[in-house]
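With chain G's structure known, arrange chains E and A on it following the hints.
If you read the protein sequences in the order shown, they are chains G, E and A. Under our numbering, the first sequence is numbered contiguously, ending at residue 445. Under our numbering, the second sequence is numbered contiguously, ending at residue 298. Under our numbering, the third sequence is numbered contiguously, ending at residue 239.
Treat each hint with caution, since some may be false.
Here are some chain G residues pointing at chain E (derived, C-beta under 8 Å) [unchecked claim]: (1) Thr210; (2) Gly211; (3) Pro212; (4) Asp213; (5) Ala216; (6) Lys250.
Heads up, incomplete: computed chain G residues facing chain A, CB under 8 Å, no partners named [said to hold, decoys possible]: (7) Val198; (8) Ala203; (9) Ile225; (10) Asp227; (11) Ala409.
Quick caveat, the hints were computed from the structure, so don't treat them as lab data. Every residue, glycine too, gets a C-beta built ideally from N, C-alpha and C.
As a plain string of letters, each chain reads:
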Amino acid sequence: MTDATPADFAAQGLRESATFDRTTIAAIQHAARTGIYDIRGGGAKRKLPHFDDLLFLGASMSRYPLEGYRERCDTDVVLGARNAKFPLHLSTPVTIAGMSFGALSGRAKEALGRGASEVGTSTTTGDGGMTDEERGHSKHLVYQYLPSRYGMNPDHLRAADAIEVVLGQGAKPGGGGMLLGQKITERVAGMRTLPVGVDQRSACRHPDWTGPDDLAIKIGELREITDWEKPVYVKVGASRPYYDVKLAVKAGADVVVVDGMQGGTAATQDVFIEHVGIPTLAAIPEAVRALQEMGVHREVQLIVSGGVRNGADLAKCMALGADAVAIGTAALIALGDNDPALDAEYRKIGSAAGYYDDWQAGQDPAGITTQDPELQQRFDPEVGGRRLANYLRVMTMEAQIIARACGKAHLQHLEPEDLVALTIEAAAMTRLPLAGTSWIPGQGS
Amino acid sequence: MCGIAGLHLRDAALQPHLGALLQTMLCQAAERGTDAAGVGLYGDPGLNPAGQATVCTIESPLVATEAAAAVERALGQPVRSRASGQTTVFTAAVAADLLEAAVRAALPGAVVTSRGANLSVLKGTGHPDELATTFRLADATGYQGVAHTRMATESAVTSTGSHPYSVGPDQCMVHNGSFSNHATIRRELKAEGVEFDSENDTEVGARFVAQQLAGGADVEKALRLLCERFDGFYTLLVATENSFAVVRDAIACKPAVVAETDQWVAMASEYRYLTGLPGVENARIFEPEPEVVYAWER
Amino acid sequence: MGTLTQEIPAPTVTTDVDLTTTSVRELNAALHAEPEGSTAAYRVVHPAGRHAVAVGLDRPVTVTVEGHVGYYAAGMNQHATVEVHGNAGVGVAENMMSGRVHVHGDASQSAGATAHGGLLVVDGNAAARCGISMKGVDIVVGGNVGHMSGFMAQAGRMVVCGDAGDALGDSIYEARIYVQGTVASLGADCVAKEMRPEHLAEVTDLLAAAGRDDDPAAFTRYGSARTLYNFHVDNASAY
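With the rest of the complex left out, here is chain G (with noise of 0.2 Å):
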């Protein structure tokens, strides 16, 4: 028997509702089974204002395009050389962001460190502290200062080539960490100080300074403690950008990121991802904006994440005036996370590839996103850390193609004037004119 199409539903005249429709009837059921709300992986799945809605002028008459390979399109950026003694360096403007060992197996933290360095970028630990594989592989790793200081230590904080002390993220602007207790194994719950097999609570502010006053204190602490060395950055969800980003220089940060609503975490409540936190493309003017009008843009670096997910997002970040970006999903699913070859495995679990988003529960068939020792071996850290390297690299290739073709020989020389948008949301958002026009809604013809 062949399953029911919509097609045929409204052939008999039935007819879904808009504001009733099946997922939200399924979530409206969950509930009064449960009396628990949804938890799950990943960023804001509905469609939002995205990178798509823009597009690139590539050169013509009235400008020149550089010839591919052979005339130079640079990627490099050096993030924190404001204070810190040594900055980073690096060969690509796309970075991986921060995910906990403890939210990934320590297979897939490898995996990302081999990646990662073998095109030059770094990595970032995640809310559960550094490990060994992670320094070992990581050829520059940013270390996380979270609410929890899950992990947290001084010979670590050494031992990182970048702080970044973490307000919040994209998924839950204003929430705390999120580990279930299936995911909280031995290993786990060492690092992290915590009774195995608990559902850790996690604190959503930090314990001993709230507000950029106290947090420009606590950055000289930091500093102090590292003697000058190391980069600070400063994260949080976008949520009011121009005054987060203003507050974190005020603060002292030395490069600030921006994760929009995009952004993926490991295991939140579905309502707190969907509906808290504005999209990437609304807060990266913002923020640049905010960086501006203090004089900063440049100086002190922009990193933006969220939904980044092709050299053609990358370009576009630049070009809207970051410095550069960072992935999370798009790395896991580089790794492998939600691979059409496992469809049967995702089916055993309630899922299907292309759909699964349960990387709290920790029973991920990729071994990337889950603690159990069986489905970890799946994952092969060398052949994972070569698909980062490889997806990296296209990643930079594709922006290159693009900035060339708008005559760039730097992917920083992109500019907003390259840029045009296809939709009245993103050409609000963005300042940028309707294709075709000069038209930006709010500034008048």
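Chains E and A only, in chain G's frame:
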């Protein structure tokens, strides 16, 4: 976010040194906020001559001498003025509300930043160290003062956004923290006829307290009601003609230190602002409990 | 083994540092530059409430501070002994890993925050959030602790010889809290527990390490009821 400080003198012998002592506090506070600064000074005879009212303004459309002449014409009485950075100080031998009305009539666009018999508020944008010099703070005398250095959070860096906020006679407020429901309270107060000079969250707190005091509540009650109504994180220092009060929200994350001796009571965001005060080594030092109003009367 | 020869301890040379003429950065750099295993002694005067004094120490040195310090004194301490003859600001000994920090006056908020080891002694009062998120440190407070002390305390021991403020041990995991005086209120999942011989011994040891002679039997033990370790819909009101 900000640095706040206040000094309430019990020993009259210290009054000639009020400004100098407040300056030591303000300059330590500078690191917490370099966008703007302000002071509220009580009892300086130069700023608040006996038997006269003083009205301070910022954003005056006229320079001090011309402004004084305009106000004098509106008032029909002699008016003196003094420029102090972005602040203009007007004095006249009339009641404060009359002088204020004349200032408003003569100087459309000016923002009145204080009025009263005892208080002058000097504030503006710029680095606290420079402002202290501009205000000639070291020469000020009096019986109490509050000081504030500003790191602007959500509203713009403008002189109207700087603290202290004085919206009732001889009252002022400085605030470290961030209210989270002030937009709603502002709308409620506006609906009751209250007018606002800025989009700043602190101004909402100041106008709420002023309204309570005008209705007959004392400072303690006004601040208790504020704690009930306002949400967010805040340390508040409120001064009136006769009192000096400190309160923190229920969660009390924003810092506050109080030091007390027989000669003075001081409050600061960080202990190091107090290190220049005489006898601080032997002061009783404590941190205010959340949602408890600490008030000292003159 | 005979002791015909006695080892005469080398005289400790104390390095004096005056923070009116030396910066905190220079002080910390000098302390960080001490050779591994150094037992050098430093005496720091005129701290005047400065922040980040003696942070990130990683040697068994002794630092004696004469006066009040600001935020994060002895932050992330390892192996060192830091004595503050005065008050300490926010976050004293935050994230300490080992060693000993002794505040002879009062401590401000978040004393010993997220610390993993070592001993923090406060002779006077500690303010709000003492021992917040503690991960194995021992804290002994001679006076009172403020509200939300022991919030999310994961591991370690806290001994309060005075009173505790509201919401003691809210969301506590496996840390143990002992209070001699009154507790204004208990936080979520924090309950009074039986004092068994091993707990009396623990309190005795901690008080002795802090140089105090309070009576261990006068203390009440508080710890996690462990009902919030895994989410149950029936506990929803506690969240």
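Tested hints:
no., hint, in the structure
1, Thr210, "4 Å, holds"
2, Gly211, "4 Å, holds"
3, Pro212, "5 Å, holds"
4, Asp213, "4 Å, holds"
5, Ala216, "7 Å, holds"
6, Lys250, "5 Å, holds"
7, Val198, "4 Å, holds"
8, Ala203, "6 Å, holds"
9, Ile225, "3 Å, holds"
10, Asp227, "6 Å, holds"
11, Ala409, "40 Å, violated"
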